[in-house]
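Engineer: For reference, the chains in residue letters:
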Amino acid sequence: QKEVEQNSGPLSVPEGAIASLNCTYSDRGSQSFFWYRQYSGKSPELIMFIYSNGDKEDGRFTAQLNKASQYVSLLIRDSQPSDSATYLCAVNMNSGNTPLVFGKGTRLSVIA
Amino acid sequence: DVKVTQSSRYLVKRTGEKVFLECVQDMDHENMFWYRQDPGLGLRLIYFSYDVKMKEKGDIPEGYSVSREKKERFSLILESASTNQTSMYLCASSPPIPGTTNEKLFFGSGTQLSVL
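Residue numbers (our numbering), protein chains in the order written: chain W, 1 to 112; chain G, 113 to 228.
One thing to keep in mind: the hints can contain errors.
What the hints assert, rightly or not - Straight line, CA to CA, 27 Å or less: simulated DSS-like cross-link-like pairs of lysine-lysine:
| id | chain 1 | residue 1 | chain 2 | residue 2 |
| --- | --- | --- | --- | --- |
| 1 | W | K2 | G | K216 |
| 2 | W | K104 | G | K167 |
| 3 | W | K42 | G | K183 |
| 4 | G | K216 | W | K67 |
| 5 | G | K216 | W | K42 |
| 6 | W | K104 | G | K169 |
| 7 | G | K169 | W | K2 |
| 8 | G | K216 | G | K167 |
| 9 | W | K2 | W | K56 |
| 10 | G | K167 | G | K125 |
| 11 | G | K216 | W | K104 |
| 12 | W | K42 | G | K125 |
| 13 | G | K182 | G | K167 |
| 14 | G | K115 | W | K104 |
| 15 | G | K169 | W | K42 |
| 16 | W | K56 | G | K216 |
| 17 | G | K115 | W | K42 |
| 18 | W | K2 | G | K167 |
| 19 | G | K115 | G | K167 |
| 20 | G | K169 | G | K115 |
Don't read these hints as lab results, they were simulated from the structure.
So here's chain W without its partners, still in its complex pose:
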């Protein structure tokens, strides 16, 4: 069974703090990793993707990948109330052309 695991939350952080969202996956051969943000009542939107071990930064967002530990995370620096949303981790688990496997998401609440 190919699985992507996330804590459901809610994760509550004060405004200005760093929010750390974590994700583990079951398939060691996984190739690519995505973070989607979903506001309440809206559809998911892609915010970050990472393919190689290490860190990838984009503005206030940093994706971190550790393939040996089968672990990917999303850090949000200087968290804002507008970052309050559910964050979905998605993993491509095969070398062939197969759909992403999604985690169930972590709900983040940034408190002003």
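Fit chain G to the known structure of chain W by using the hints.
Structural biologist: Same frame as chain W, now just chain G:
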């Protein structure tokens, strides 16, 4: 910008009705997907298609079928709607990236279907 359009935002149907959910994308994407999203269960893949006339079952295809007669349009069909199919349905599309399996999904705004 990529646009994925779902025909209805809210839909109410009766048990036993045949239901069509339409999805159209305007970016010439090869890949299209249908998900349903329920509280506590996350996104679950119903069907997907990597080419016109092609379809593949996802994780929960029972009670559903799909049609892809044209590249830009991917329809989800509930043959005989049941109350347990009440859900948010999300369509998505993605471009193929030659030589890789990476998929960057673009989602439609969703259809909240209620089956009474």
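Engineer: Now, for every hint given, state plainly whether the structure supports it.
Structural biologist: Here is how each hint holds up against the structure:
1. K2(W) x K216(G): Holds, because 19 Å separates the two Cα atoms, which is no more than 27 Å.
2. K104(W) x K167(G): holds (25 Å)
3. K42(W) x K183(G): holds (25 Å)
4. K216(G) x K67(W): holds (20 Å)
5. K216(G) x K42(W): holds (18 Å)
6. K104(W) x K169(G): holds (20 Å)
7. K169(G) x K2(W): holds (16 Å)
8. K216(G) x K167(G): This hinted pair holds, its Cα atoms lying about 19 Å apart.
9. K2(W) x K56(W): holds (25 Å)
10. K167(G) x K125(G): holds (25 Å)
11. K216(G) x K104(W): Satisfied, since the Cα-Cα distance of roughly 18 Å is no more than 27 Å.
12. K42(W) x K125(G): Holds: K42(W) and K125(G) sit about 22 Å apart, inside 27 Å.
13. K182(G) x K167(G): holds (12 Å)
14. K115(G) x K104(W): holds (25 Å)
15. K169(G) x K42(W): holds (25 Å)
16. K56(W) x K216(G): holds (17 Å)
17. K115(G) x K42(W): holds (15 Å)
18. K2(W) x K167(G): holds (21 Å)
19. K115(G) x K167(G): holds (21 Å)
20. K169(G) x K115(G): Given that 27 Å is the threshold and the Cα spacing comes to 24 Å, the pair holds.
Hint check: no violations occur; every hint is consistent with the structure.
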